[in-house]
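Chain by chain, the residues:
2 protein chains.
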Amino acid sequence: MFEQLALIGCGLMGGSFALALKRAGLVKRVVGYSKSPSTTERARQLGVIDVEAPSALLAVSGADIVLVAVPVAATEATLKSIKHMVTPGMLIMDVGSTKADVTDAARRALKEQVGSFVPAHPIAGKELAGIEHADADLYRGCKVILTPTERTLTVQLKQAQAVWSRLDCDVVQMSPESHDAAFAAVSHLPHLLAFALMNAIQGQTQGAQFLSLAGPGFRDFTRIAASDSKVWRDILLANRHELLAQSQLFQAQLQAFEALMLSGDAKAIEALIGQASTARVQWQLTQAAKPC
Amino acid sequence: MFEQLALIGCGLMGGSFALALKRAGLVKRVVGYSKSPSTTERARQLGVIDVEAPSALLAVSGADIVLVAVPVAATEATLKSIKHMVTPGMLIMDVGSTKADVTDAARRALKEQVGSFVPAHPIAGKELAGIEHADADLYRGCKVILTPTERTLTVQLKQAQAVWSRLDCDVVQMSPESHDAAFAAVSHLPHLLAFALMNAIQGQTQGAQFLSLAGPGFRDFTRIAASDSKVWRDILLANRHELLAQSQLFQAQLQAFEALMLSGDAKAIEALIGQASTARVQWQLTQAAKPC
Chain Z
21 MFEQLALIGC GLMGGSFALA LKRAGLVKRV VGYSKSPSTT ERARQLGVID VEAPSALLAV
81 SGADIVLVAV PVAATEATLK SIKHMVTPGM LIMDVGSTKA DVTDAARRAL KEQVGSFVPA
141 HPIAGKELAG IEHADADLYR GCKVILTPTE RTLTVQLKQA QAVWSRLDCD VVQMSPESHD
201 AAFAAVSHLP HLLAFALMNA IQGQTQGAQF LSLAGPGFRD FTRIAASDSK VWRDILLANR
261 HELLAQSQLF QAQLQAFEAL MLSGDAKAIE ALIGQASTAR VQWQLTQAAK PC
Chain L
21 MFEQLALIGC GLMGGSFALA LKRAGLVKRV VGYSKSPSTT ERARQLGVID VEAPSALLAV
81 SGADIVLVAV PVAATEATLK SIKHMVTPGM LIMDVGSTKA DVTDAARRAL KEQVGSFVPA
141 HPIAGKELAG IEHADADLYR GCKVILTPTE RTLTVQLKQA QAVWSRLDCD VVQMSPESHD
201 AAFAAVSHLP HLLAFALMNA IQGQTQGAQF LSLAGPGFRD FTRIAASDSK VWRDILLANR
261 HELLAQSQLF QAQLQAFEAL MLSGDAKAIE ALIGQASTAR VQWQLTQAAK PC
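Residue numbers (this note's numbering), protein chains in the order written: chain Z, 21 to 312; chain L, 21 to 312.
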């Protein structure tokens, strides 16, 4: 389907995309570039990329598909740096967890070429970041959100849908703004809460002892706290407007629990937990068939 | 090792203990009692218990080991109801997630017999409560915290250690107060946060749409929100003093993040996430060998 993938950013997300594309026979050659030359070298040694490029621009030279897999705040500079190699038929995507800022960045950076860019967010993750953990199965069975704008070209949008579908993803389309509102609630806020919890525990004198007693509930709840600090720094900032609004709604619910605990209202507490528990059980039922 | 286990409360925790004890050949007969007769009947049909008892007192008649596996606020009434059948050599344990209140309840209910009671908290859990999900492997590889007091008899304490060790558990001993302080931080607070998050999301007009987009990070983070509402109502109330203190520390950390997001301080945000992420990665390394 494609001759050459230019992979810009050889981390968990980008590396997993390259591996999946190769395994599916969708690309002949992967040329990779990372800011850190040792990362690019490691990606080649691991067989994730075939050729190391000395710059993003040179990685894109000769490519018909480009994946930008960098922390979201680096999207604009990255797209600017490759603009002169962008050709009309090229499909350019990202994998960022925020979409309004990425769409704006693409518009500013690519100008008249912005139609080739299809903003994408695959809903997949792993406990550990880095090219060493790249996995051809990372995206299998996952949702991928595409947030095209009025300027996105139909050919590229169809190609993007086809590529992710071939990787066994469930492709969903929505506006960048709807995406960011939804993911503030179901992804960015949980990450923020997990970070804050880890810091609250380790900030205590007895923190290490407390942690030594933590069990499987804690393990699952805090898994996302191990996420990459540069990636998540950018997400918290890029989507701060929606995220702060979600955090307020969350704190109101938390404080409602606290008030009931103080007044000892067992019945009301049971009702609130029952609400949460039922919602979570219902949600799980909608997920049953998904390995992701 | 034992002739008869009296299981009071035929749910996930109690049922799993009965199955594990039977499989290990540690008990000849399990007599069960639950408040709901249909639950007791179901436990017998599933082979988790051998005999249904019409009351807690009659379940304990002839038992040499008793497990009280009820919501923690029901501990005192349960122990009172069996007191007249408690014999000097009997080992009585609970599986409650709070220990100061359970220890006090045992002191009040069992009076001069309190020495036979060894407060226990196995750190194990599952997404779904109920006897249908009872599992002989639930406790395998898990920590079990015993919180004996100055009145606990040595014979019973040693028996309790031996039983849980035979179920492949890692037995830890500490005071009820230290237990409650630690678990407020690493278990009760995460549950509270997960409940509050679910309620915050579903309280919004677009809540259902947001939930339809949630991925694997959300799945793991909210797994514990599916917990039993009666069990957790009692835990939130029994340990509210420690839990409210932990919730304040958590909110201070959350608000520190919010302030940095508002001021756009990328460097400080990255540092805070890095702190959380490193702590979580370190913690995972200490857990590597544990299936639990």
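By construction, these hints were calculated from the structure, which means they are not laboratory data. Watch out, some of these pointers could steer you wrong.
Identical copies carry no separate label here, and so any pair may be met within one copy or between two of them.
With a cut-off of at most 27 Å between alpha-carbon atoms, the simulated DSS-like pairs for lysine-lysine come out as follows [unchecked claim]:
| no. | residue 1 | residue 2 |
| --- | --- | --- |
| 1 | Lys-163 | Lys-146 |
| 2 | Lys-131 | Lys-55 |
| 3 | Lys-287 | Lys-42 |
| 4 | Lys-250 | Lys-48 |
| 5 | Lys-250 | Lys-287 |
| 6 | Lys-103 | Lys-250 |
| 7 | Lys-48 | Lys-287 |
| 8 | Lys-250 | Lys-178 |
| 9 | Lys-131 | Lys-42 |
| 10 | Lys-100 | Lys-250 |
| 11 | Lys-48 | Lys-178 |
| 12 | Lys-131 | Lys-48 |
| 13 | Lys-55 | Lys-103 |
| 14 | Lys-103 | Lys-146 |
| 15 | Lys-146 | Lys-131 |
| 16 | Lys-287 | Lys-55 |
| 17 | Lys-287 | Lys-146 |
| 18 | Lys-131 | Lys-287 |
| 19 | Lys-55 | Lys-250 |
| 20 | Lys-103 | Lys-131 |
| 21 | Lys-100 | Lys-287 |
| 22 | Lys-163 | Lys-287 |
For which of the previously enumerated hints does the structure constitute a violation, in increasing order of number? The structure conflicts with hints 3, 4, 7, 8, 9, 12, 14, 15, 18 and 22, although it agrees with all the remaining ones.
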